[in-house]
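Full structure from sequences and hints, please.
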Amino acid sequence: MPKDNPDDTIPKMNELKRYPGPKRSGPVVLVIMDGVGIGRQDSSNAFFTARTPCLDGLMASCLNTSLKAHGTAVGLPGDEDMGNSEVGHNALGAGRIFDQGAKLVNSAVATGSLFASDLWRRLTARPASGEAAFHLIGLLSDGNVHSHIDHLFALVSACVRDGVKRLRVHVLLDGRDVPETSALIYVDRLEEFLAGFTGQGLDYRIASGGGRMITTMDRYEADWSIVKRGWEAHVLGGARPFGSARGAIETFRAEQPGITDQYLPSFTIVDETGKAVGPVLDGDSVVLFNFRGDRAIEISRAFDDEKLDTFDRERRPDVLFAGMMEYDGDLKIPHNYLVRPPAIDHPISEYLARAGCRQYAVSETQKFGHVTYFWNGNRSGRFDERTETYEEIASDRIQFNERPWMKAAEITDATLRALAGGEYDFLRLNYANGDMVGHTGDFNASVIAAETVDLCLSRLLPAVRAAGGVALITADHGNLDQMYELASDGSIKTDRATGAPQNKTSHTLNPVPFIIYDPAQSGSYRLRRFPNPPGLANVASTILFFLGYERPDDYLSSIVEPA
1 MPKDNPDDTI PKMNELKRYP GPKRSGPVVL VIMDGVGIGR QDSSNAFFTA
51 RTPCLDGLMA SCLNTSLKAH GTAVGLPGDE DMGNSEVGHN ALGAGRIFDQ
101 GAKLVNSAVA TGSLFASDLW RRLTARPASG EAAFHLIGLL SDGNVHSHID
151 HLFALVSACV RDGVKRLRVH VLLDGRDVPE TSALIYVDRL EEFLAGFTGQ
201 GLDYRIASGG GRMITTMDRY EADWSIVKRG WEAHVLGGAR PFGSARGAIE
251 TFRAEQPGIT DQYLPSFTIV DETGKAVGPV LDGDSVVLFN FRGDRAIEIS
301 RAFDDEKLDT FDRERRPDVL FAGMMEYDGD LKIPHNYLVR PPAIDHPISE
351 YLARAGCRQY AVSETQKFGH VTYFWNGNRS GRFDERTETY EEIASDRIQF
401 NERPWMKAAE ITDATLRALA GGEYDFLRLN YANGDMVGHT GDFNASVIAA
451 ETVDLCLSRL LPAVRAAGGV ALITADHGNL DQMYELASDG SIKTDRATGA
501 PQNKTSHTLN PVPFIIYDPA QSGSYRLRRF PNPPGLANVA STILFFLGYE
551 RPDDYLSSIV EPA
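The numbering of the sequence shown is this note's numbering, which starts it at 1 and goes up by one.
Take these hints with a grain of salt, some might be off.
[Claimed, not checked] Straight-line C-alpha distance at most 25 angstroms; calculated SDA-like pairs for lysine to any residue:
1. Lys17 to Arg358
2. Lys17 to Gly523
3. Lys493 to Asn401
4. Lys23 to Ala463
5. Lys493 to Ser113
6. Lys307 to Asp223
7. Lys332 to Arg358
8. Lys17 to Ile38
9. Lys165 to Asp150
10. Lys103 to Pro53
11. Lys275 to Lys307
12. Lys332 to Thr365
13. Lys103 to Pro77
14. Lys165 to Ser113
15. Lys332 to His346
16. Lys493 to Glu250
17. Lys103 to Asp79
18. Lys332 to Leu184
19. Lys17 to Ala520
20. Lys307 to Gly381
21. Lys23 to Pro462
Hints in this document: simulated from the structure, not taken from any laboratory.
Please read all numbers here as calculations on a predicted model, not as lab measurements.
Here you go:
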């Protein structure tokens, strides 16, 4: 008879135990309002500014609280670290807090374990002999969501120590998890850092780049042309030529006034003869230093997959490629990686599948992986094909402030159909509007995004009532709740030249709402009193409570308890 746990490091999974008493007849519906936090009630907050009669009514009439959605509550190094959709959905689905990418990489760098592996020795061997180049590709910022510039500097320093003679950095410009036009701050820091090694006879320089929403960092196969542009810039050395990264950024800004860093076009750095300084060639080593998986998978496949029909690579160099982490544990992407990802065992969906609960998950492409892969503890596929249904709504391929309603109506339609069918016990959906539109920095569009989600809730909740169900409404992190940068005294920062507020495009450190819409509530439960504020990881046990199950011993407590 096969073992339940072939890997002895994975704790044994026990069956869920039912609470005594009758089971609720209707389903539990989890609504994740992506990027909608609780911020200051002023003109910097698009959510507060928006007309949201449904949510206002819920906050006035339903049990509700706020949840911590950043920092240590979601496994990040410190409470100055913004939450994000990936760690947020990990916490929501896991019911516990696991150390996440940034924290794991910090530890691997601090202990030196990252540079002590056989893989690192193989990566540096040929570049150290002078026969090849060492390439570093990744997001250049200190946003600490996909990457951190300190990790890049640590990798470069290790290359110096290990004798790498020629190194090229391919920079993806942020403007999303950091101020929207801050790219030159990071480019200048990197140029100064690399220049410090010139006297040592080393050839270290920036070779290519581009804005993250235009170059390389596509996700969920929404638009492979983004990866193609990155391939052309980084690997082929065929993007628009410039003598320096600063020159590229300044030129693009002059040509397109108002453009933000995340949308800057791709570029390649060339020498005095017009030749690219750092194309990726046979025998080179390449490290993708992003630690977050969603926007790293496709470029990893472009390097690793022998056959790839999503775009014409023109040539696929014979290189040793590694990611900072394993970005997909089920699909083994990439083949080589430097830091082990968090091992998230037994998420709530696995427990529910074992219990025979019927589950439904839906979102549009931009967040589909969040209600499936990340929710399931960084696993592709279903735990039980018979009882789980996943539905993906194709996202539009335009800048999200141009259509801020996105696919919220279609997600609502799909959920209404699923509720009407009466076959599911637990349904989860993600409205992407608050996050994706908030990232554009467009205040008016973000107000429309918030109002769109509110309108969709007003359509959804009557169906929950009709099904005899309960809706739990929350978010994975904040975003449109703070649309402008704030000074240390709390005032809104303004542009010196125009006097206009400085847009904020990154996530926030604000808590998120947690609302219980339960038309059948009869006073049988109440909000639990916590010594410290609860967080996203408390939601899984709360879902189990409303489904009539006791939480597993290692799950964090439910947000509610019997009265």
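Now the hints, each set against the structure:
Between the alpha carbons of Lys17 and Arg358 the distance comes to roughly 17 angstroms, so the proposed pair stays at or under 25 angstroms and holds. Only pairs whose Cα atoms come within 25 angstroms are accepted, and Lys17 paired with Gly523 is accepted, the gap being roughly 23 angstroms. Of the pairs offered as hints, the one joining Lys493 and Asn401 holds, with about 22 angstroms between alpha carbons and a cut-off of 25 angstroms not exceeded. Of the supplied pair hints, the one linking Lys23 and Ala463 holds, its CA atoms being roughly 20 angstroms apart against a limit of 25 angstroms.
For the proposed pair Lys493 and Ser113, the alpha carbon gap of about 41 angstroms is over 25 angstroms, so the pair is violated. Distance restraint check for Lys307 and Asp223: the Cα-Cα separation of roughly 18 angstroms lies within the 25 angstroms cut-off, and the hinted pair is therefore satisfied. The suggested pairing of Lys332 with Arg358 is violated, with an alpha-carbon distance near 28 angstroms, which exceeds 25 angstroms. Taken as a hint, the Lys17 and Ile38 pair is broken in the structure, with Cα atoms around 35 angstroms apart against an allowance of 25 angstroms.
In summary, the hint linking Lys165 to Asp150 is supported, as the alpha carbons are separated by about 21 angstroms, within the 25 angstroms threshold. A distance of roughly 40 angstroms separates the Cα atoms of Lys103 and Pro53; the hinted pair therefore is violated under the 25 angstroms criterion. Among the hinted pairs, Lys275 with Lys307 is inconsistent with the structure: their alpha-carbon atoms are about 29 angstroms apart, more than 25 angstroms. Among the hinted pairs, Lys332 with Thr365 is consistent with the structure: their alpha-carbon atoms are about 21 angstroms apart, no more than 25 angstroms.
The hinted pair formed by Lys103 and Pro77 meets the criterion: a straight-line CA distance of about 5 angstroms does not exceed 25 angstroms. Straight-line distance between C-alpha atoms of Lys165 and Ser113 comes to about 22 angstroms, which keeps the hinted pair within the 25 angstroms bound. Only pairs whose Cα atoms come within 25 angstroms are accepted, and Lys332 paired with His346 is accepted, the gap being roughly 19 angstroms. Distance check on the hinted pair: Lys493 and Glu250 sit about 23 angstroms apart at the alpha-carbon level, within 25 angstroms; holds.
Between Lys103 and Asp79 the CA atoms are separated by roughly 12 angstroms; this keeps the pair inside 25 angstroms, and the hint holds. About 35 angstroms separates the Cα atoms of Lys332 and Leu184, which puts this hinted pair outside 25 angstroms; it is violated. Taken as a hint, the Lys17 and Ala520 pair is honoured in the structure, with Cα atoms around 23 angstroms apart against an allowance of 25 angstroms. A distance of roughly 22 angstroms separates the Cα atoms of Lys307 and Gly381; the hinted pair therefore holds under the 25 angstroms criterion.
For the suggested pair Lys23 and Pro462, the alpha carbons sit about 21 angstroms apart, so the restraint of at most 25 angstroms is met.
Hint compliance for this structure: hints 5, 7, 8, 10, 11, 18 are not met, and every other hint is.
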